[in-house]
Each structure stands twice: as C-alpha cells, then as structure tokens.
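Can you build the whole structure from these sequences, using the hints too?
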Amino acid sequence: MAFLRILILFTLLSFAFSLENSNSHILPRPLIIEYPENIETQFKEFDEEVRLHCTSWRFAVESNNLSPWKTIPVECANYVKDYMMGRAYKIDVERVSKEAGIYAKTVELGGDGKDVWVFDVDDTLLSNLPYYVEHGYGLERFDSVEFSKWVEKATAPALEASLKLYKEVLGLGFKVFLLTGRNEKQEGATVKNLNDAGFKNWDKLILRTSDDHGKLATIYKSEKRNEMQSTDAHGKIMQLFYPRQLDFSHKETE
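If you count by mature numbering (1 follows the signal peptide of the UniProt record, and there is no 0), then the sequence shown holds residues -18 to -1, 1 to 236, one letter each, in order.
It cannot be assumed that every hint is accurate.
Cross-link-like lysine-lysine pairs, in silico, BS3-like; alpha carbons within 30 Å at most [stated by the list, open to error]:
#1 182 - 87
#2 174 - 135
#3 174 - 186
#4 52 - 157
#5 131 - 87
#6 174 - 157
#7 131 - 96
#8 203 - 135
#9 203 - 87
#10 203 - 131
Label-pair ranges, simulated between beta-carbon atoms [to be verified]:
#11 69 - 121: 21 to 27 Å
#12 95 - 46: 44 to 50 Å
#13 50 - 205: 37 to 43 Å
#14 92 - 31: 34 to 40 Å
#15 70 - 208: 33 to 39 Å
#16 31 - 95: 51 to 57 Å
#17 95 - 115: 37 to 43 Å
In short, the hints are calculated from the structure, not lab data. Using N, Cα and C, we set each Cβ at its ideal position, and we do this for glycine too.
Written out as structure tokens, the structure reads:
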C-alpha cells in the first residue's frame, strides 16, 4: 500500500513539472499604465491656473488690497521661490530704485538742511532673503524670536540697487533718515550691518522705543513721519517704497 502511495506521488510531480516546462517560454504580462491622451494639456492648464492665482495674490499684496496675512498660499511656494531667486525680483528692485533716482534729481533743495529722504531698512536697504530661504520663502509663520537671532548676526546683504540710490541721494545733498521697525535693543547689530553692507553717513536712525511696542507698522511709521515733518524736514519728505511682496516678514508691528 505504501508503495502505491509513493508511485501516485511521483506521477503527480512528474505531471506538474511537465506542465511548467511546456509553458516556460511564456513571459509575464507587462503592466501597462495608460494615461488619458490629453494629460499633458491638463497639466499645463493646471500650472497656468496656479500661476494666474499666485500672480493675482501677489498683485493684491503689492497694492495693499489684501487683509493681513500670516503665510503665503501653499500652492504659491514655487512661484514665490522662482520670483525671488530669479531675475524678476532684481529687475523690480532696480526699476523702483531707478525711478526714485530720476525723481530725486528733479527736487529743488532748500539748502537749509531740511530736505529729508527716508529709507526703510529691512528689505529696502538690507535684504532678508537669506533668512527666508531657510524658512520656506514665507510658508512658515513669522517667528519674531528667530528673526531677532537673524538680525543679531548682522549679516544681511545690501540690495545693490538700493545702495546705488542711497549714494546718489546723499550726493544730491539730501539728509538721510532710516526708519525701521527694529527695536532699540537691536541698534548695535543694525548699525554694524548697515555699515558693513556699505550704508554710511546717514543723519538719523529711528528705531522703536518701549513706547512704540505693539503698534501696527502703519501707525508707528506714520507717527514718526509726522514728527519728522514738524521738527526735521520741510512740509514734504521723500520716502522709498518697494513692492510689498518683498517684505516676507509681513509683520504688522514691523
């Protein structure tokens, strides 16, 4: 009986191997993924839609038509990165600086030392782009503690077009005031950074005092400009404004 069982087992094994050998020339069926014929067009249309959306958002920021924002839209991360790291950002800054320089040459100075040109510091004279490269180009919410550490390093580079304009304005005979939302504790680092970057010989550096703590940037700077007009300058002062999207920090208390 045992012999019969062994014989049946060998017979079954032989039959199984013969079937495998007979089909050994058949290759596994390849996996084929078929995309819709218009998939490339759909991708292009989606990219264009994102680009239009992000351009619209940027324009709203530049024109101050956007309510206070904490971060850039997630879908605009690459758009903002490409803008800031490409030629467009540099061209925009150069254009604003050039037009400001042309205007400065048309101003008839009073000759009494009260013709004042006001510059902001962050992202007008000094670029904070290296900081924001490390913080997602605005995808991360602004962290005042981390930004203060960056300020204390005093390594922000100059915006070259701004440095050129700065020297032109000084050469024309304007008094130069620097108005910044940085606080008085950061004065040493700010002065060092400005000097190292090539900005020298300004007449006044205005920083936040304890009385200014918590004020919105628009209120704080408006108050300081009013003070200038009443004590240091003629009825009109000149101030350089860059497109708002250059200010990644979007700090309401800047």
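Against the structure, the hints come out as follows:
1. 182 - 87: Measuring from Cα to Cα gives roughly 21 Å; hence the hint holds.
2. 174 - 135: holds (10 Å)
3. 174 - 186: holds (15 Å)
4. 52 - 157: violated (35 Å)
5. 131 - 87: violated (38 Å)
6. 174 - 157: Holds: residue 174 and residue 157 sit about 20 Å apart, inside 30 Å.
7. 131 - 96: Judged against 30 Å, a Cα distance of about 36 Å means the pair is violated.
8. 203 - 135: Roughly 25 Å between the alpha carbons, so the hint for residue 203 and residue 135 holds.
9. 203 - 87: holds (25 Å)
10. 203 - 131: This hinted pair holds, its Cα atoms lying about 23 Å apart.
11. 69 - 121: 21 to 27 Å: holds (22 Å)
12. 95 - 46: 44 to 50 Å: violated (33 Å)
13. 50 - 205: 37 to 43 Å: violated (19 Å)
14. 92 - 31: 34 to 40 Å: violated (53 Å)
15. 70 - 208: 33 to 39 Å: Given range 33 to 39 Å: holds, Cβ gap about 35 Å.
16. 31 - 95: 51 to 57 Å: holds (55 Å)
17. 95 - 115: 37 to 43 Å: holds (41 Å)
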